[in-house]
Amino acid sequence: AQSVTQLDSQVPVFEEAPVELRCNYSSSVSVYLFWYVQYPNQGLQLLLKYLSGSTLVKGINGFEAEFNKSQTSFHLRKPSVHISDTAEYFCAVSDLVGNQFYFGTGTSLTVIP
Amino acid sequence: DTAVSQTPKYLVTQMGNDKSIKCEQNLGHDTMYWYKQDSKKFLKIMFSYNNKELIINETVPNRFSPKSPDKAHLNLHINSLELGDSAVYFCASSQGGTSRLYTDTQYFGPGTRLTVL
Chain A
1 AQSVTQLDSQ VPVFEEAPVE LRCNYSSSVS VYLFWYVQYP NQGLQLLLKY
51 LSGSTLVKGI NGFEAEFNKS QTSFHLRKPS VHISDTAEYF CAVSDLVGNQ
101 FYFGTGTSLT VIP
Chain B
114 DTAVSQTPKY LVTQMGNDKS IKCEQNLGHD TMYWYKQDSK KFLKIMFSYN
164 NKELIINETV PNRFSPKSPD KAHLNLHINS LELGDSAVYF CASSQGGTSR
214 LYTDTQYFGP GTRLTVL
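Residue numbers (the numbering used here), protein chains in the order written: chain A, 1 to 113; chain B, 114 to 230.
In short, the hints are calculated from the structure, not lab data.
For clarity, every value in this text was computed on a predicted model and none was experimentally measured.
We treat Cβ as the ideally placed atom computed from N, Cα and C, and that holds for glycine.
Any given hint could be a false lead.
[As the list claims (entries may be wrong)] Where chain B lies over chain A, by a calculated footprint (3+ residues, C-beta under 8 Å):
#	region
1	44-58
2	77-86
3	101-113
[Said to hold, decoys possible] Across the chosen pairs, the derived CB separations fall in these ranges:
#	chain 1	residue 1	chain 2	residue 2	range
4	A	ARG77	B	VAL173	21 to 27 Å
5	A	GLN42	B	VAL173	22 to 28 Å
6	A	ASN41	B	GLY210	28 to 34 Å
7	B	MET128	A	GLN45	40 to 46 Å
8	B	HIS190	A	ILE83	37 to 43 Å
9	A	PRO12	B	GLY129	41 to 47 Å
10	B	ARG213	A	GLU16	21 to 27 Å
11	A	GLU16	B	SER193	50 to 56 Å
12	A	GLN45	B	HIS190	24 to 30 Å
13	A	THR5	B	GLY141	33 to 39 Å
14	A	SER26	B	MET128	35 to 41 Å
15	B	GLY129	A	THR105	45 to 51 Å
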């Protein structure tokens, strides 16, 4: 079965600093990859997704992620964070072989003024 | 207009009671989902319906029964509530059918926080 690992449960970062949120998955065979964001007391919304094509995916709010098949990773990055980026970030994987969809355990990003 | 709405937003009830959570989407999507998010923020899919038909049914106790009267609505009924059912329940929808189940963007509702005392 597929698994998704978000290595950092909490990431504090100062405003305007860069940030990387890490995501690894267990199998590189036939997967689609997603990042969702959950702002406080809200539902999730899609930041970006990788289905095929360029391994560098650009999303909303200045976020981007890179699909690295050899390292089975899909890390999320932003060059300069804002206070409003404080939220929970979830990596998710569609396993097309097992027909399953998994969320990671989430990374809580706190932007410090 | 809210794309995916859930009612109620908060639900506090005693153990053993039966309760329902309603979900509606006005996006014209074909597929709807229920997720459970526990106290550690872990999200797990429970059910998915495509055009009123059940397509995903994860290992969930029989006390949980989804019902889809039409493709815009997916309700969740829970019988004999237990302490461990306390969580935030999210409804979501996506546009396509079963062939796009694992590629389409999912749109989430605001969640229903269920507390079982």
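Verification of the supplied hints:
1. 44-58: holds (count 5)
2. 77-86: violated (count 0)
3. 101-113: As far as the region 101-113 of chain A goes, the hint holds, because 5 residues have Cβ atoms under 8 Å from chain B.
4. A:ARG77 with B:VAL173: 21 to 27 Å: violated (36 Å)
5. A:GLN42 with B:VAL173: 22 to 28 Å: holds (24 Å)
6. A:ASN41 with B:GLY210: 28 to 34 Å: Holds - the Cβ-Cβ distance for A:ASN41 and B:GLY210, about 32 Å, lies within 28 to 34 Å.
7. B:MET128 with A:GLN45: 40 to 46 Å: violated (34 Å)
8. B:HIS190 with A:ILE83: 37 to 43 Å: holds (40 Å)
9. A:PRO12 with B:GLY129: 41 to 47 Å: With a Cβ separation near 42 Å, A:PRO12 and B:GLY129 satisfy 41 to 47 Å, so the hint holds.
10. B:ARG213 with A:GLU16: 21 to 27 Å: Given about 38 Å between the Cβ atoms, the range is violated.
11. A:GLU16 with B:SER193: 50 to 56 Å: holds (52 Å)
12. A:GLN45 with B:HIS190: 24 to 30 Å: holds (27 Å)
13. A:THR5 with B:GLY141: 33 to 39 Å: holds (35 Å)
14. A:SER26 with B:MET128: 35 to 41 Å: holds (37 Å)
15. B:GLY129 with A:THR105: 45 to 51 Å: violated (31 Å)
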